[in-house]
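Enquirer: Each chain, letter by letter, is given below.
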Amino acid sequence: MTIADMKTGKRARVKGFAGGWGLRRKVMALGIDPGDEIVVVVGMEERGPFMIENITKGTKIAMGRGIARKIIVEEIE
Amino acid sequence: MREEKTAKIALAGQPNCGKSTIFNAVAGYKAIVSNFPGTTVEYTKTKIKFEDRTIELIDLPGTYSLSTIDEAELSAVKFLLEGDFDVVINVIDASVMSRSLELTFELIEYDIPMVICLNMIDEAEKKGIVIDEKKLEEKFGIPVIKTIAIKGKGIRELFHSAIKVAETKRKPYPFRYDEMVEREIEKCMEKFSIKDERGRLFAIKILEGDEFFKRQVKGAEEIDDGKLAETIVKERHALAMKTFEEVARVYKGKRSTLENRIDAFLLTGWRGYLFSISFFFLVLFVIFSFGGWIEEIALSPLDKILDHLSRYKGPFYRLIEGLVQGIGGGIAVVLPYLLPLLFILSITEDAGILPRIAFAFDSIMHRIGLHGKSVIPFVIGYGCNVPAIMSTKILETESERKKVALLAGLIPCSARTAVILAMTGFYGGFYAVVIYYLLNLLIIGISGRLIAALTAPAPGLIIEIPPYRPPYMNMVFKKVWFRAKDFIFRAWPILIIGSMFFSLLKVFNLEDSINSFLAPFIKGVLGLPPVVGITLIFGILRKELSMIMLMAALGTTDISSSMSVGEIVRFTIFVTFYIPCLATIIYTWRNFGGRFAILAALFNTFVATFLTFLSRFLF
Numbered sequence: 001m002t003i004a005d006m007k008t009g010k011r012a013r014v015k016g017f018a019g020g021w022g023l024r025r026k027v028m029a030l031g032i033d034p035g036d037e038i039v040v041v042v043g044m045e046e047r048g049p050f051m052i053e054n055i056t057k058g059t060k061i062a063m064g065r066g067i068a069r070k071i072i073v074e075e076i077e
Numbered sequence: 001m002r003e004e005k006t007a008k009i010a011l012a013g014q015p016n017c018g019k020s021t022i023f024n025a026v027a028g029y030k031a032i033v034s035n036f037p038g039t040t041v042e043y044t045k046t047k048i049k050f051e052d053r054t055i056e057l058i059d060l061p062g063t064y065s066l067s068t069i070d071e072a073e074l075s076a077v078k079f080l081l082e083g084d085f086d087v088v089i090n091v092i093d094a095s096v097m098s099r100s101l102e103l104t105f106e107l108i109e110y111d112i113p114m115v116i117c118l119n120m121i122d123e124a125e126k127k128g129i130v131i132d133e134k135k136l137e138e139k140f141g142i143p144v145i146k147t148i149a150i151k152g153k154g155i156r157e158l159f160h161s162a163i164k165v166a167e168t169k170r171k172p173y174p175f176r177y178d179e180m181v182e183r184e185i186e187k188c189m190e191k192f193s194i195k196d197e198r199g200r201l202f203a204i205k206i207l208e209g210d211e212f213f214k215r216q217v218k219g220a221e222e223i224d225d226g227k228l229a230e231t232i233v234k235e236r237h238a239l240a241m242k243t244f245e246e247v248a249r250v251y252k253g254k255r256s257t258l259e260n261r262i263d264a265f266l267l268t269g270w271r272g273y274l275f276s277i278s279f280f281f282l283v284l285f286v287i288f289s290f291g292g293w294i295e296e297i298a299l300s301p302l303d304k305i306l307d308h309l310s311r312y313k314g315p316f317y318r319l320i321e322g323l324v325q326g327i328g329g330g331i332a333v334v335l336p337y338l339l340p341l342l343f344i345l346s347i348t349e350d351a352g353i354l355p356r357i358a359f360a361f362d363s364i365m366h367r368i369g370l371h372g373k374s375v376i377p378f379v380i381g382y383g384c385n386v387p388a389i390m391s392t393k394i395l396e397t398e399s400e401r402k403k404v405a406l407l408a409g410l411i412p413c414s415a416r417t418a419v420i421l422a423m424t425g426f427y428g429g430f431y432a433v434v435i436y437y438l439l440n441l442l443i444i445g446i447s448g449r450l451i452a453a454l455t456a457p458a459p460g461l462i463i464e465i466p467p468y469r470p471p472y473m474n475m476v477f478k479k480v481w482f483r484a485k486d487f488i489f490r491a492w493p494i495l496i497i498g499s500m501f502f503s504l505l506k507v508f509n510l511e512d513s514i515n516s517f518l519a520p521f522i523k524g525v526l527g528l529p530p531v532v533g534i535t536l537i538f539g540i541l542r543k544e545l546s547m548i549m550l551m552a553a554l555g556t557t558d559i560s561s562s563m564s565v566g567e568i569v570r571f572t573i574f575v576t577f578y579i580p581c582l583a584t585i586i587y588t589w590r591n592f593g594g595r596f597a598i599l600a601a602l603f604n605t606f607v608a609t610f611l612t613f614l615s616r617f618l619f
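If you read the protein sequences in the order shown, they are chains H and R. For the record, in the first sequence the residue sitting at position 46 is 46 according to this note's numbering, with numbers rising by one throughout. For the record, in the second sequence the residue sitting at position 415 is 415 according to this note's numbering, with numbers rising by one throughout.
Dumping the calculated DSS-like pairs for lysine-lysine here, alpha-carbon to alpha-carbon at most 30 Å:
id: 1; chain 1: R; residue 1: Lys-242; chain 2: H; residue 2: Lys-70
id: 2; chain 1: R; residue 1: Lys-78; chain 2: R; residue 2: Lys-195
id: 3; chain 1: H; residue 1: Lys-15; chain 2: R; residue 2: Lys-242
id: 4; chain 1: R; residue 1: Lys-218; chain 2: R; residue 2: Lys-187
id: 5; chain 1: R; residue 1: Lys-78; chain 2: R; residue 2: Lys-164
id: 6; chain 1: R; residue 1: Lys-153; chain 2: R; residue 2: Lys-171
id: 7; chain 1: R; residue 1: Lys-126; chain 2: H; residue 2: Lys-7
id: 8; chain 1: R; residue 1: Lys-169; chain 2: R; residue 2: Lys-47
id: 9; chain 1: H; residue 1: Lys-70; chain 2: R; residue 2: Lys-234
id: 10; chain 1: R; residue 1: Lys-234; chain 2: H; residue 2: Lys-10
id: 11; chain 1: H; residue 1: Lys-15; chain 2: R; residue 2: Lys-127
id: 12; chain 1: H; residue 1: Lys-15; chain 2: R; residue 2: Lys-252
id: 13; chain 1: R; residue 1: Lys-78; chain 2: R; residue 2: Lys-45
id: 14; chain 1: H; residue 1: Lys-10; chain 2: R; residue 2: Lys-126
id: 15; chain 1: R; residue 1: Lys-393; chain 2: R; residue 2: Lys-151
id: 16; chain 1: R; residue 1: Lys-135; chain 2: R; residue 2: Lys-252
id: 17; chain 1: R; residue 1: Lys-171; chain 2: R; residue 2: Lys-242
id: 18; chain 1: H; residue 1: Lys-15; chain 2: H; residue 2: Lys-70
id: 19; chain 1: R; residue 1: Lys-478; chain 2: R; residue 2: Lys-151
id: 20; chain 1: R; residue 1: Lys-234; chain 2: R; residue 2: Lys-78
id: 21; chain 1: H; residue 1: Lys-7; chain 2: R; residue 2: Lys-252
id: 22; chain 1: H; residue 1: Lys-10; chain 2: R; residue 2: Lys-127
id: 23; chain 1: R; residue 1: Lys-234; chain 2: R; residue 2: Lys-171
id: 24; chain 1: H; residue 1: Lys-7; chain 2: R; residue 2: Lys-127
id: 25; chain 1: R; residue 1: Lys-127; chain 2: R; residue 2: Lys-151
id: 26; chain 1: R; residue 1: Lys-195; chain 2: R; residue 2: Lys-218
id: 27; chain 1: R; residue 1: Lys-234; chain 2: H; residue 2: Lys-15
id: 28; chain 1: R; residue 1: Lys-227; chain 2: H; residue 2: Lys-15
id: 29; chain 1: H; residue 1: Lys-15; chain 2: R; residue 2: Lys-126
id: 30; chain 1: R; residue 1: Lys-393; chain 2: H; residue 2: Lys-70
id: 31; chain 1: H; residue 1: Lys-10; chain 2: R; residue 2: Lys-252
id: 32; chain 1: H; residue 1: Lys-70; chain 2: R; residue 2: Lys-227
id: 33; chain 1: R; residue 1: Lys-139; chain 2: R; residue 2: Lys-169
id: 34; chain 1: R; residue 1: Lys-127; chain 2: H; residue 2: Lys-70
Residues of chain R placed beyond 12 Å of chain H at every Cβ, according to the derived structure:
id: 35; residue: Phe-285
id: 36; residue: Ile-327
id: 37; residue: Met-473
FYI, nobody ran anything at the bench for these hints, they're computed from the structure. Using N, Cα and C, we set each Cβ at its ideal position, and we do this for glycine too.
The task is simple: from the sequences and hints, build the whole structure.
Expert: In structure tokens, the structure reads:
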């Protein structure tokens, strides 16, 4: 699954990226790495961007749906 | 005589690291000369007096890395390659240090005198991050200074240290990649015989696949090893994380979820729009209620002078009239609108509200090929187009900035609102005004769609959301002044000269000839009485002048007695959309260059003509 499939308040661990190198570089530059634990702060089902908190790094990132669809995660119960 | 000591110091760092806070902390103080971001220089420069020497301080654009894909990054890279500096201060947000160190490693590859500034250590400590700066110094071989720039802590030590490094030219220790990569770097240097001091840097960048560097070296274009490029970037990434683990300790503090709950409450779905729109409403309410009032007070003495001058004849008095008119035009922008808008913008920026509004508006803005951040200039445009153009700086790419500048120019600013209220409101009532504003938004939407269809879409939104925090007023005031200065000293004088030029038209009695010259257009295309011609020319100075002069030309304040409803509607439409006011044009010119300023003016005038012509069939 990807961040775009997650609901507000759910936690997950970053597994990898689905996009090309350009996207990966952008996401990595903002400090999102495989292994990081994240939580969805604001996420909407139909459309709209996502806001996540990177718990491991202590940062908060907002991203458009297009980018959220390319970050592969695994939900943590 | 003792020779004056100087030092050129550049600030480099990632976005939100507090770089500009450091710049403002020292630049606002005893600034001698200032240079502002324009079309050729993308970075901000200022000369300051620090103790017994003059420092030229350069604020490079905030960049996450030094790949040249991004325009901001390219301008930073070019600056570093030109080498016109003595030392670079690498500003690091200590609370996100592991990520920030990646840029540090990239800077080290440039092999330049450096100092590291660990900023926002208070924020880092709140997160439970404790950094051993001595260990970091040993590792990199350059001074590391801890600061809290927003409170001015550590700034003096930072600059002492930077000046020392500027003299001793102390450079950081070079670092090595793993053996495989190192072999490739050597091979690359050999192959293109780049063995001078820049050789290693160029080899690494060529292998990374950086187009800008590839173009500099003959034959390097053919190098294209995606796997190796990835390895290099990933290794720097890993080095940054490893270094962080070596020099910092993280104590798991309590993670506060209150802010997340607030964000979820305010920004989910329609609540995001509600939150943003009420915020905009508040801002505009403050601007319009105070702005109009301040404008009246500030302009009333000038109006008296103008009234007095109108009794005299002769070129001299007309020139003075132009001068006063120009000064008034500036005052009408700066005092009531520019300063309050910049003030509110700075506060919301520092308080973390601005990026959240960008988030809320992301999906709507996507429909016109932009992303969330671009909503800000639009809203500011309702107050005044000048700070709206100024605020396009928050957008990443030049093409986005231009698109937004073009569209924001169609937003009726307070001066145009005065015309709309006086004409549509007075003769058509409240609902006519509301409908007029909605139609305006519709037209901006359609233009946006058209422009989006013709240009590349903005890259997807990905921004950091800073925590909510109370702004430091001291910093806010410095920021406001720093931004307003640009308008006051650069654009205002041109406005005054332009205004004096217009008064010459009166001196030589060119009004009638201009009216008859414009008549085919005014009467034929727009369907307005020819007497309107000259008022539209003067409206370029300040939009509300059109209406005031129209009343003067018609000899009555009751325009409906000499113009039909259709003519009043067409006049309002044309005044709202045609050529931006002179201050906006000048400012657009300063930011995007002459060609774009002319294009923007033509675009506005085209939209205005088209709509006015169209409305001839409705009324």
